[in-house]
Amino acid sequence: MRASDGSGAPLTHTGRAWTFGDDIDTDLLAPGAYMKGPIEQLAPHCLEALDADFAHSVRPGDVLVAGDNLGIGSSREQAVHALKHLGIRVVLARSFGRIFYRNALNLGLPSLVCADLHAVRTGDELRVDMVSGVVENLSTARVHACEPIPPHLLEMVEDGGLLAHLEKRLRADKA
Amino acid sequence: MGATLAEKLIARAAGRETVRPGEIVTCRVDLAMMHDSGGPRRVQPMLERLGARVWDASKVVVVTDHYVPAVDAESAAILRLTRKWVAAAGIERFHDMQGICHIVLSEQGYVRPGMFAVGGDSHSSTAGAFGCLMIGIGATEMAGVLVSGEIWVRVPPTILVRWSGRLQHGVVAKDMMLALCARLGINGANYRVVEYAGSAVEALSMTERMVLTNMAAELGAKTGLIAPDAVTVAALTEAGVDQPDALDWRGDTDATYERVLDLAAGELSPQVAAPHSPENVAPVAAHAGVAIDQAYIGACTGAKLSDLRMAAEVLRGRKVAPGVRFLVAPASTRVTHQAAEDGTLATLTGAGAIVLPTGCGACAGFGAGVLAEDETCIASTARNYKGRMGAASARVYLGSPYTVAASAVRGRIGDPRELLG
Chain A
53 MRASDGSGAP LTHTGRAWTF GDDIDTDLLA PGAYMKGPIE QLAPHCLEAL
103 DADFAHSVRP GDVLVAGDNL GIGSSREQAV HALKHLGIRV VLARSFGRIF
153 YRNALNLGLP SLVCADLHAV RTGDELRVDM VSGVVENLST ARVHACEPIP
203 PHLLEMVEDG GLLAHLEKRL RADKA
Chain B
44 MGATLAEKLI ARAAGRETVR PGEIVTCRVD LAMMHDSGGP RRVQPMLERL
94 GARVWDASKV VVVTDHYVPA VDAESAAILR LTRKWVAAAG IERFHDMQGI
144 CHIVLSEQGY VRPGMFAVGG DSHSSTAGAF GCLMIGIGAT EMAGVLVSGE
194 IWVRVPPTIL VRWSGRLQHG VVAKDMMLAL CARLGINGAN YRVVEYAGSA
244 VEALSMTERM VLTNMAAELG AKTGLIAPDA VTVAALTEAG VDQPDALDWR
294 GDTDATYERV LDLAAGELSP QVAAPHSPEN VAPVAAHAGV AIDQAYIGAC
344 TGAKLSDLRM AAEVLRGRKV APGVRFLVAP ASTRVTHQAA EDGTLATLTG
394 AGAIVLPTGC GACAGFGAGV LAEDETCIAS TARNYKGRMG AASARVYLGS
444 PYTVAASAVR GRIGDPRELL G
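Protein chains in written order, with the working numbering: chain A, 53 to 227; chain B, 44 to 464.
Incorrect hints may have been included.
Some chain B residues close to chain A (C-beta under 7 Å, calculated; not the full set) [unchecked claim]:
#	residue
1	89
2	102
3	165
4	179
5	231
6	233
Listing some non-contacts, in silico: residues in chain B with all C-beta distances to chain A over 12 Å [unchecked claim]:
#	residue
7	127
8	135
9	235
10	241
11	249
12	274
13	288
14	331
15	334
16	419
17	429
These are computed hints drawn from the structure, not numbers from a lab. Beta carbons: idealized from backbone N, C-alpha and C, even for Gly.
Start from the sequences and build out the full structure, keeping to the hints where you can.
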């Protein structure tokens, strides 16, 4: 099992699930009216049109679980940034909007495609292995097989995202 | 085995003879476009952290369109930061308040057949109408491109959508795309390229073709493409581009498509997407009679000169219904000027339209014309997600500029063909 050296995102994570349905678009995640300001101002409005409690109740280390098409719509990276700012550590979804998926990995928010998560309920304790793609529901003892993070992106996710990864590479080039 | 247009474009950018769907390759970027929202204000701190500079300023285009014109100190500060960064980075292709980025790229002749481009906006797929493979990306990904001039892509399979026959008068590219959103579903072309072909596509003007590639984003596609033809070459020539190999950029006859969808344009009626998804589509008759508070012609999808002319065709000699706000935000300053010169604007304002500044405007809730709680709007834009255009309870319907204008005249959603000669 690969583990983090502490600088980036560990490749296993255990956290509490927050479940949402299909078609969570970027306007719901990062409402346009709050896009002007810093993430501290935007994040409290993340998903408020669906669940006014979410941003106030989510705890650091929680896992977002969604259905099809998570993050469809805009390229705005704040959709990922807001979730990360609120403490979401891993995202699982049946399918993703492609720009959101890349943004998430680029920002060091591990995101896995999971075909079958309908049995997961908000509050369940999930243990996610990003290398193997195995998700254990510790609350129900079910095991879900998800698609692991693509091998060519694993190092970047492990580094904590594209910027940290580039920083490391630029340092290595200079050395 | 032959290659699709997308495979050829990616192979060239990757320096390869051929590529196959599923392969992961690194592409050299011919053009990187950013706007004021996702651009300099986001990438500047990242480049500073990396201690890096833009790899090639001549390949970068910056456009201000989201926060224009500034309405408060915050939006003014975003625009000021954008202008200062562009000057410091030595970027000459900077278009300040001249139009929506995707429209400006086409007007300036920046996107051309054979190119591989990235844009910090999901509707970057619009450039595919010119045979340029352009992918929408986020700000951190853009910072990576600005530093390296490269990006990795997984070679996408292509879905070929062939529209045969001929559209009826009053039925346009927007109706084709809404019908396709219903058929494939939102994100139904995820990770794929959608290529459009067939006699009904060949008959479209360049600006109408741009609606097809623009709304490939609503299908979740990596991008949309249309093989260049004489119409493309004429538009390039008008934009000052002479490209002898333009017509070479097309898929091989024995290319492999993941799926081929054959659709009949002649049977298509005006389509309307109901709240709150672009796939929630039915023929306009299904929503006829829905009362509206606002009609909106705007955005990269629906405010080009051809779109304004459609609206004017409906409004000539008519008035906007009492109690309805009819807002028109032209997609570029060039569009505004051309519409002023040819009388289109006078027809619109004579009917009671309110002309707004050019820019992304109310479409994404950034600019003027957003909606209050419980209001209903029909718009020529691409997206009607809950809360996008203002209050969360506002109801946004999507239609063609013809349908939007006809609904403005009636005060209720209606079929534009009844008002066209």
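Here's how the hints hold up against the structure:
Satisfaction of the interface hint for residue 89 (chain B) is found here, the shortest Cβ-Cβ separation to chain A being roughly 6 Å, below the 7 Å cut-off. Interface hint at residue 102 (chain B): violated, since its Cβ lies 19 Å from the closest Cβ of chain A, which is beyond the 7 Å cut-off. Because the smallest distance between the Cβ of residue 165 (chain B) and any Cβ of chain A comes to about 4 Å, under 7 Å, the interface hint for this residue holds. The beta carbon of residue 179 (chain B) comes within 5 Å of a beta carbon in chain A, closer than 7 Å, and the hint placing it at the interface holds.
A distance limit of 7 Å between C-beta atoms decides the matter here; for residue 231 (chain B) the minimum to chain A is near 9 Å, and the interface restraint is violated. With a cut of 7 Å, the hint placing residue 233 (chain B) at the interface with chain A holds, because the nearest CB-to-CB distance is about 6 Å. With a minimum CB-CB distance of about 18 Å to chain A, residue 127 (chain B) clears the 12 Å threshold, and the non-interface call stands. Even its closest Cβ contact with chain A, about 24 Å, leaves residue 135 (chain B) beyond 12 Å, as expected for a residue assigned away from the interface.
Here residue 235 (chain B) does not stay apart from chain A, with its beta-carbon only about 9 Å from theirs, under the 12 Å limit. Every CB of chain A lies more than 12 Å from the CB of residue 241 (chain B), the least distance being 26 Å, so the non-interface label holds. The Cβ of residue 249 (chain B) lies farther than 12 Å from every Cβ of chain A, with a closest approach of about 24 Å, so its non-interface assignment holds. Consistency note on residue 274 (chain B): stated as away from chain A, and its beta-carbon is indeed over 12 Å from all of that chain's, at 29 Å minimum.
With a least CB separation of 30 Å from chain A, residue 288 (chain B) remains clear of the 12 Å interface cut-off, as annotated. With a least beta-carbon separation of about 26 Å from chain A, residue 331 (chain B) lies farther than 12 Å from that chain, consistent with its non-interface assignment. In this structure residue 334 (chain B) is separated from chain A by more than 12 Å, as the shortest Cβ-Cβ distance comes to about 23 Å. At the 12 Å boundary, the C-beta of residue 419 (chain B) stays outside the reach of chain A, the nearest C-beta of that chain being 17 Å off.
Residue placement check: residue 429 (chain B) does not keep its beta carbon more than 12 Å from all beta carbons of chain A (closest about 6 Å).
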